[in-house]
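Model the full structure from these sequences, guided by the hints.
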Amino acid sequence: MQVKHLLLIAILALTAACSSKEVVDENLSEAELYQQAQTDLDNNSYTSATAKLKALESRYPFGRYADQAQLELIYANYKNAEPEAAKSAAERFIRLHPQHPNVDYAYYLKGLTSFDQDVGLLARFLPLDMTKRDPGAARDSYNEFAQLTSRYPNSRYAPDAKQRMIYLRNLLAAYEIHVADYYLTRQAYVAAANRGRYVVENFQETPSVGDGLAVMTEAYQRLHLDELANTSLETLKLNYPNHPSLQDGQFVPRVAEADNRSFLSKATLGLIESRPPLPPGETRANQDVQKQYQDAKDAIPNDLKPKDENGDVIEEPEPESSNTDRSWFSYMTFGVFD
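The sequence shown begins at 1 in the UniProt record's numbering and counts up by one.
Simulated from the structure, these hints should not be mistaken for lab results.
Quick reminder that beta carbons are idealized off the backbone N, C-alpha and C, glycines included.
Only pairs whose alpha carbons sit at most 20 Å apart, straight line, appear in this in silico SDA-like list of lysine to any residue:
{"no.": "1", "residue 1": "Lys297", "residue 2": "Asp308"}
{"no.": "2", "residue 1": "Lys237", "residue 2": "Phe251"}
{"no.": "3", "residue 1": "Lys79", "residue 2": "Ala137"}
{"no.": "4", "residue 1": "Lys79", "residue 2": "Val103"}
{"no.": "5", "residue 1": "Lys79", "residue 2": "Asn44"}
{"no.": "6", "residue 1": "Lys162", "residue 2": "Glu205"}
Label-pair distances were calculated between CB atoms; the ranges are:
{"no.": "7", "residue 1": "Gln163", "residue 2": "Lys291", "range": "54 to 62 Å"}
{"no.": "8", "residue 1": "Asp160", "residue 2": "Pro244", "range": "26 to 34 Å"}
{"no.": "9", "residue 1": "Pro244", "residue 2": "Asn202", "range": "17 to 25 Å"}
Here it is in structure tokens:
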């Protein structure tokens, strides 16, 4: 049934696109143009109404219906699924009539246009997750509704705008969590932690705050930042004890730790390692930092190094290696009997 609906809508859209533009009678008076435009709006003939409203505004720019025609042109473009034209008309009305008694309606329609901009044909008929889509239009809509509610708090459109802002705020927060989860799967733990903290700091009272704390906990654990991880975990337990990442009071990561072994290592079940395995608690990033530190230390001129009483450079003792020499029997048995 949904496929039939999509085909029908596609045919109607093609038919409308191929149809010629309506020619408005030049002999119509201002009142007749306005009445015909109203009739078209009542009959949902938004393309015809748009043509008549534009003709009314251009022919009678200082007439009694000029301001109302500009307002209704915003609505006609919005209903005709022309978001850019609707927003442009709204911005023009706000710029030309900032003190108009109905300017709040222009702000509301501008926000409503952005609100519905992402809801295309596929979103209307297919179960798409809007939290995983680009939030550009949602962010614009939130800002536009915020302008309405801050400038005209007593507007009759303000209550509906506030409810939509709550929905949009939850949507934007959920999108940030999806991005954080993506960073976790890509092992970009610093970026994931920053996204989680951004949600916690900027989207309070949304359902995604608990997810943000869980992301921070997981990312800090992967980075071996135990203090930060424990702080995030305690906050999560205190405020969201029933969060899905907590099982019997213990934190369970949502993203499995990635296998960073080479293809050769995986194919040989670890018998041939391209790089030696890391000791517990060690990371490649930590090794790289230690190498950079050692290289910088070796680059220090001898004149700047500490010296003893005889003038000889004091060399720091090398740390003892934790790796012991393996016997030939250990190599032959692949370490099974070590």
